[in-house]
Structure formats: structure tokens, C-alpha cells
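Heads up: the sequence lines are chains C and F, in that order.
Heads up: the first sequence at position 3 corresponds to 3 in our numbering, and the numbers run straight through without jumps.
Heads up: the second sequence at position 108 corresponds to 108 in our numbering, and the numbers run straight through without jumps.
Since the hints were made in silico from the structure, they are not lab data.
Since the model is a prediction, treat every value here as computed from it, not as a measurement.
Note that CB positions come from ideal geometry on N, CA and C, so glycine has one too.
Hints are supplied without guarantee of correctness; some may be wrong.
Computed beta-carbon distance windows for the label pairs [claimed, not checked]:
#, chain 1, residue 1, chain 2, residue 2, range
1, C, K71, F, S42, 39 to 45 Å
2, F, N31, C, E85, 21 to 27 Å
3, C, D63, F, K78, 43 to 49 Å
4, C, K15, F, F64, 37 to 43 Å
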Amino acid sequence: EAGVAQSPRYKIIEKRQSVAFWCNPISGHATLYWYQQILGQGPKLLIQFQNNGVVDDSQLPKDRFSAERLKGVDSTLKIQPAKLEDSAVYLCASSFLRDPYNEQFFGPGTRLTVL
Amino acid sequence: AQTVTQSQPEMSVQEAETVTLSCTYDTSENNYYLFWYKQPPSRQMILVIRQEAYKQQNATENRFSVNFQKAAKSFSLKISDSQLGDTAMYFCAFMPIPKNTDKLIFGTGTRLQVFP
């Protein structure tokens, strides 16, 4: 089966600019996650969707970050305006709703550099 | 707060040898899952092995096995017969159950280098 797809793979922007990332989860996976992985750290959950509803966005900096999953499939994560500290790899993951372990399958990530 | 600690930033091992990566965690939960994920240089995170806290038997997946010590809140990963393809970042992760979210709480990772 096809894995989690993300684009772009790399993005370089200047601070105060806007940027958007796209994620297409594995077909049939109702749950979608966005993680932020800063260099030298483990991934940190930003937001979790179940279908098109938000389950957890407690660590999403809502003054500048937004995410949507309008049709319960693809998702976009936006940063506006970007700050230097937003430089990180943004990982998208998905899981099958009825999996008791909720095994998460990760995409390749988008590496964002903010100058 | 729930935290995961990986005290070894880097490890190295010779091909065919055995290496153990350490992980400790802090939680007040009684039931939870623990995971080891592998992140090769291509960045795609892959699940290596998982353990349910209510199971006393240590999980094993081929060359990968864990030593789960619930009382000590320790969850180490043993890689036997190391291969060059095992070179990667390894992350220990925790997920509480019952849960409102399926949030994985990750450690900071251990970079493993396998030498020929």
C-alpha cells in the first residue's frame, strides 16, 4: 500500500513569510497527526485529527499555526508569519481508527528553514 | 507530566555485534504502550517494536528485543547481529491508555552507527 505522502520535501523562507505543508495519509486511515521535530529533539505533536475533527491541538501555537482537514483525507498545515524558531522537520502521520495500538505511520517530512 | 529520557545521544557498534539502547520514562499511569521507532537518514520514521505495559513478557521482533522493567520505568532496546542498515536515529516513545488522544511522547533519540 502507498505510504503517507508529504510535500514539499524542503522549504526555505524568510521570517515573517507564510508557508504551507500538505499531507496525504494512507487510504482508510481516519486519524492524522502533525508533529514538529526540531533538530536534536524528538517529534512533538502539534495537532491530531480524527476524520475532519480536531482531537488534540493543545501544543499548536494558534497565533501563527493553523491546520485543516476539510474532507477527512488530505491535510494542510500553515504557518503565518514564520519565526526563526519554526525551523524544523514537520512530520505527518496517520493511523487506522480500529487499531488498538493506533500504530502511526509516518511520512518523509518537510524540512523547513526560516532565515 | 509524562516524559521520556534517552541518555545516550550517540552509540556505535560493529557489524554482527549486539548493542543496547536505553530509555526511561516518567508517568503516573498504570497502563500504557511503549514503542521504539527508527528514523534512517531518509527521515521516514518506522516502528521497530512495541510493548504493552500490562504484559510482563518482553516483546521480540526478529533481531530486536526489549527489556521492559515496569517498576524501574525502563524500556531498553537490544539489537542483535547488528547490520549496516540498522544505522539510524532511534526514538523511544510512550502512549498512555486510556487516552483522550493517541499522542506519542518521544525521547530525544539515540544516533546509532553500525561500522563494518
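For each hint, the structure was consulted:
At about 29 Å, the beta-carbon gap between K71/C and S42/F misses the expected band of 39 to 45 Å. At about 35 Å, the CB distance of N31/F to E85/C disagrees with the hint of 21 to 27 Å. At roughly 44 Å, the beta carbons of D63/C and K78/F sit within the given window of 43 to 49 Å. Hint check: K15/C to F64/F, Cβ distance near 42 Å, so the stated range 37 to 43 Å holds.
Checked against the numbered hints given earlier, the structure breaks hints 1 and 2 and satisfies all the rest.
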